[in-house]
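Asks: Chain residues, written in single-letter form:
There are 4 protein chains.
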Amino acid sequence: MKKIKVSVIGATGYAGKELVKILMNHQGVELIHLISSSYAGKNIVEIFPEFLNKLDKKLINFNLDVVSQDSNLVFTALPHTVSMDVVPELLKKGVKVIDLSADYRIKDPAVYKEWYEKEHNQINKGLLSEAVYGLPEIYLDKIKDALLVANPGCYPTSIILGIAPLLKHHFVEPEGIIIDSKSGASGAGKKLSLGLHFAECNENFKAYNIIRHNHIPEIEQELSSIYFNENTHKQKQQETEIKVSFTPHLLPINRGILSTCYLALKESKEEEEVLEIYQKFYQKAPFVRIFKPPNLPEIKFVTGTNYCDIGFTIDERVGKIKVISVIDNLLKGAAGQAVQNMNIMSGFPETCGLV
Amino acid sequence: MKKIKVSVIGATGYAGKELVKILMNHQGVELIHLISSSYAGKNIVEIFPEFLNKLDKKLINFNLDVVSQDSNLVFTALPHTVSMDVVPELLKKGVKVIDLSADYRIKDPAVYKEWYEKEHNQINKGLLSEAVYGLPEIYLDKIKDALLVANPGCYPTSIILGIAPLLKHHFVEPEGIIIDSKSGASGAGKKLSLGLHFAECNENFKAYNIIRHNHIPEIEQELSSIYFNENTHKQKQQETEIKVSFTPHLLPINRGILSTCYLALKESKEEEEVLEIYQKFYQKAPFVRIFKPPNLPEIKFVTGTNYCDIGFTIDERVGKIKVISVIDNLLKGAAGQAVQNMNIMSGFPETCGLV
Amino acid sequence: MKKIKVSVIGATGYAGKELVKILMNHQGVELIHLISSSYAGKNIVEIFPEFLNKLDKKLINFNLDVVSQDSNLVFTALPHTVSMDVVPELLKKGVKVIDLSADYRIKDPAVYKEWYEKEHNQINKGLLSEAVYGLPEIYLDKIKDALLVANPGCYPTSIILGIAPLLKHHFVEPEGIIIDSKSGASGAGKKLSLGLHFAECNENFKAYNIIRHNHIPEIEQELSSIYFNENTHKQKQQETEIKVSFTPHLLPINRGILSTCYLALKESKEEEEVLEIYQKFYQKAPFVRIFKPPNLPEIKFVTGTNYCDIGFTIDERVGKIKVISVIDNLLKGAAGQAVQNMNIMSGFPETCGLV
Amino acid sequence: MKKIKVSVIGATGYAGKELVKILMNHQGVELIHLISSSYAGKNIVEIFPEFLNKLDKKLINFNLDVVSQDSNLVFTALPHTVSMDVVPELLKKGVKVIDLSADYRIKDPAVYKEWYEKEHNQINKGLLSEAVYGLPEIYLDKIKDALLVANPGCYPTSIILGIAPLLKHHFVEPEGIIIDSKSGASGAGKKLSLGLHFAECNENFKAYNIIRHNHIPEIEQELSSIYFNENTHKQKQQETEIKVSFTPHLLPINRGILSTCYLALKESKEEEEVLEIYQKFYQKAPFVRIFKPPNLPEIKFVTGTNYCDIGFTIDERVGKIKVISVIDNLLKGAAGQAVQNMNIMSGFPETCGLV
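Protein chains in written order, with the numbering used here: chain E, 99 to 453; chain Y, 99 to 453; chain B, 99 to 453; chain Z, 99 to 453.
Be a bit skeptical, because a hint or two may be false.
Pairs count within a copy or across copies, as identical chains cannot be separated in the list.
As the list claims (entries may be wrong) - Cross-link-like lysine-lysine pairs, in silico, DSSO-like; alpha carbons within 30 Å at most: (1) K190 to K101; (2) K364 to K288; (3) K364 to K341; (4) K211 to K240; (5) K140 to K289; (6) K152 to K100; (7) K100 to K240; (8) K103 to K190; (9) K101 to K240; (10) K152 to K288; (11) K390 to K341; (12) K390 to K140; (13) K240 to K382.
If you're looking for bench data, these hints aren't it; they were derived computationally from the structure.
Every value quoted in this text rests on a predicted model; they were computed, and no experiment measured them.
Only chain E is shown next, with the shape it has when bound in the complex (with noise of 0.2 Å):
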């Protein structure tokens, strides 16, 4: 296997030692620069003592010059609205970049505005139509030939992944969706906050960003491009695009997500048919697993794993059918997914250095 040379950029946050932890141990990859703002200067043993005898490598600060010339691709795993002020250098030099943050997912910039409060300029709105939407689920082949990766966030992945072959089918209603997504603490990042404080969040519970959560345009793209098919998606008027109803919530763990997805069926099915979609829709895809009713996934079944598992049931007491769909957020959510998709640009095996 050919070596690439890879660096990161935000290398001491949650995603950024995962994907540091991967790529270290990556036959395809020799891992160069380690950026991190907060720790320049340091070496990332002594930031994280477990990388001891493992890696001994230093934190540098970011310099555009030394990062494109010494790399073939770089992961960005910066804050949103930070990400975008970094991406277009780095591509212009022409090194491929898998972006971790929202700020290539969103195709309107117009969307992203809304969310997120910041606009695109006009270098980065070219960029919205060339960026990947990095699920290999869904968009396998523009990734192998994409320049930059947009790389899904969190909840969207065991979302989008959960629903997508029920929506492919059209089994069930574009209207009323209803998902309950439940994401361990490292999900919020590791900036220091009250919430996130031990003796707060440990026997507790409960919903936050309950109204406005800024991954709810990424979900609601990829479904109603997938319902509507994504060609002629981009005729379709707004009211036709699917809208959810989605509640995030904090779970006192450190790692997984775990989302309850209610759809209603168009008409009644059997647990077989809709099995039978399902593995079909991910025959090839190496880290979805899909459980048999009446299995179901639980957080643990992934945790520490680049895996989306699903399950279902179907409620025929009220016409729905229900989906739970469990991901480890810091890798398939995040770092894994990243690598993931850094393989298949790379021509590598998709699982290389993933389990």
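Keeping the supplied structure of chain E fixed, place chains Y, B and Z upon it in accordance with the hints.
Replies: Below, chains Y, B and Z without anything else, positioned relative to chain E:
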């Protein structure tokens, strides 16, 4: 305050223990017998060392004559289908009963049989119409005169209180109600099982009993009664009754339930108007607290208390209202509510002994 | 019961909040001012929604005249080195003070300076001899007449109570005492830090401040005083004082301390003889419970209570006695003990308002 | 790498499951039989859904002929006192055995009988001298040629590795050693008990088996051997052997052990000198990492890995050295170490398949 004599059958389960903790400090109660078939002969301090220096009492086996002769009121904290063997005998002896099982909650014995797989005998069938569903915020007047109170289930308490005002005022459609509930592990009781073994349950999250949870008939009976009006309700045909899509989940915490309820608004409403009907509905309810949007309750706000905290938000994008309701499953969801019922039945202040 | 007027300075920290929760239900207390520099101007319900419908009070900034004029007794729940700026002024105004910081616990100002890196001014030096160390099980009589009580630290409370009888009776050697303590995360207070960020602290366990924890001088002062006899103690030279090897650890739970103490028996003892001296030592102490071997206390037995539970075992193979002592760090380790002291100072029953 | 054929007896316990997870990805291993008396006949995916798409293998009952004929090496992950019924037969058939129970760890059968209450038969007595105590950092050369390895206990691994260099170099007194250990709940195994029921174990902390934990003889045997020198040791009289004061505690986390060890320094030492003997002692040990003071290891640094991380500090005030040692109890404390032993016995790189 004139004291009543009270015994607890099933004193060493999780709900039973909470009952003992409340009753032993209750100014209106003389705590007489603690019945436990598992630990009869032992002092309660041997089972629960935290009672040391606080309560010195032997656990005994059930003896109808002894218990009924010495007690004015008995709490039966027994498993479903077991209570109905004991309750009629206690009532016959002139003892008031607050039953924490599901055995007298469901008015229609055929429905009970369908969900609990046991048939009521003739005497118990007769008791079903006498038994009062012990949700004081709805049935205060009936509880005052009740001889037998069927203490509500934990999930039903959180859900019914959470959405009753919306149904009562016909602000929402009776169809398509979705309820996504999450409960701490004590809700599953003290019986050992691999799923509740610490290393299996900790750092995990899962849905369970996703199609058939036996709290569903209780929820649907009460919501239907509220929406269609109790009196006219009995004539209604089955088809007009409310059916809910209910999914319980297991939280890796000790105590607490959070229910997220999704309902379709019949017409657009302002938050203020909704807030008003909630405040009015619960103006005399000492244990229900309404949160003004955008504030929302969290489980920790009610842990260790008898409160039910309720918050809501209107999701105009999709025409839905989301309600968040939290309780401590062992208190407002079991022992606390049982004592609240005892207070009402005995002429004590409704909040006596409760926090 | 004649009510006293009480204010709390530092009402929104973890100990302060517990104080408010106890005091607002205390029959002998009229709760006057809640001082919080962080949240002055807000209602306490805005900071702690769990006070909704229970306490409706505005948080204010500290004003000496207002507080001293309106209060008979003030709890100062301020950081170490900050209390000493406020306490003398309150005392001068004739207000009794129970100080939860370490500022008046250490009798020797040079020792305080060594461990806390701040010097007492002349007035505060004078107060050191007046201040009574507020461990009621040792200093009951002095507390009765105290104007200033230095409320003990959480670790010291668990340790001193745990081994005082052994030292008092000279059953153990004063040298080589090892204390291995484990505390829940609330013991570290409300101040945000990465080590207390949920995803960092959860599923982890570590030792900290392993050489220099500032509770050591307090522990050694009191143990020495008990062993060498308080009166003769002052003449003793430094070398004869007890020195302990103390290691605190951080438990991923909200509340509670367990201290495991290892002491060398001077001569072989029967468990019964040891049990007897413990029971006698604490016969009038309502909040200390002695466990008969082989029973041992666990943290959950005291969570939410003001108890200190103590168990022990004699390890004949090595000639040592091991003592296990547990408290709730926020109650017997802080706010509960402070109220116990207030009760004693005010002529209330020692257990009033406490469980 | 030439593959060896490996089977696991006891494949569905916690250690057994970890063995399977490591072995199924081990380049030198062909995983043959998974024996489980509890779940024979089921596919491992039915018991552990996380193996879906990863391992498709039926669990079988133990059959000596089948297992011995098909395997070069067998891991026995059986309860204490049960292993000794199986191991001799496997050995007789020419199969190498790595036994995870305590049955071959204690060299003196009388001591084993005293602590485990079962007597070795003549064949097993004979095996005690052949069995090699499988701690590679101490017995590397012997393990290379071993036919039977007695895989160390979890607590002993953390403790022996933690303090071996100090004993070897006689830096510390052999008397008065105190070891205070804390283990996650998986250390207690998969067997259900009330103390490990989630709502009992969560938010709690306790000491257990405080006088007699059956890891003590193993710890004392090995520490004595290191201190007194293995060869001369056998002639030593019982009185000269090291006796430790050991207290295990139960942590409310899934995995990990932290041992805090207190030893008396024979004479004052500089940290650098101590650091040097540790680094030298473990210079060829790939899974031991020494932390330079004042850095200390935490459980999370080793969770999911085969590392033993060790830190220390010198407490000059009392002439003691404190050592903190952490491992993952299921890896370096069980399955990981067992695979490390297999690697050594089979001529594979010591770290093969382990992280």
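Asks: Does each hint hold? Answer for all of them.
Replies: Going down the list of hints, with the structure as the test:
Taking identical chains as interchangeable, the C-alpha atoms of K190 and K101 lie at most 30 Å apart only when both belong to the same chain, with a minimum of 22 Å there against 49 Å between chains. Within a single copy, K364 and K288 get their C-alpha atoms no closer than 43 Å, and across copies no closer than 42 Å, so neither meets the 30 Å cut-off. For a Cα distance limit of 30 Å, the shortest separation of K364 from K341 qualifies both inside one copy, at 17 Å, and across copies, at 18 Å. In the homo-oligomer, the alpha carbons of K211 and K240 lie at most 30 Å apart inside one protomer (25 Å), although the nearest pairing across protomers, at 56 Å, exceeds that limit.
In this assembly of identical chains, K140 and K289 lie within 30 Å of each other by CA distance both inside one copy and across copies; the values are 19 Å within and 25 Å between. Taking CA atoms no more than 30 Å apart as the test, K152 paired with K100 passes in both settings, with 22 Å inside one copy and 27 Å between copies. Taking CA atoms no more than 30 Å apart as the test, K100 paired with K240 passes inside one copy only; the shortest distance there is 22 Å, against 41 Å between copies. In the homo-oligomer, the alpha carbons of K103 and K190 lie at most 30 Å apart inside one protomer (17 Å), although the nearest pairing across protomers, at 53 Å, exceeds that limit.
When the C-alpha separation of K101 and K240 is checked against a cutoff of 30 Å, the pair qualifies only within one copy, where the shortest distance is 22 Å, while the shortest distance between copies is 40 Å. In the homo-oligomer, the alpha carbons of K152 and K288 lie at most 30 Å apart inside one protomer (23 Å), although the nearest pairing across protomers, at 32 Å, exceeds that limit. With identical chains, the CA atoms of K390 and K341 are at most 30 Å apart both within one copy (28 Å) and between copies (26 Å). When the C-alpha separation of K390 and K140 is checked against a cutoff of 30 Å, the pair qualifies only between copies, where the shortest distance is 16 Å, while the shortest distance within a copy is 49 Å.
For a Cα distance limit of 30 Å, the shortest separation of K240 from K382 inside one copy, 16 Å, qualifies, whereas the shortest one across copies, 48 Å, does not.
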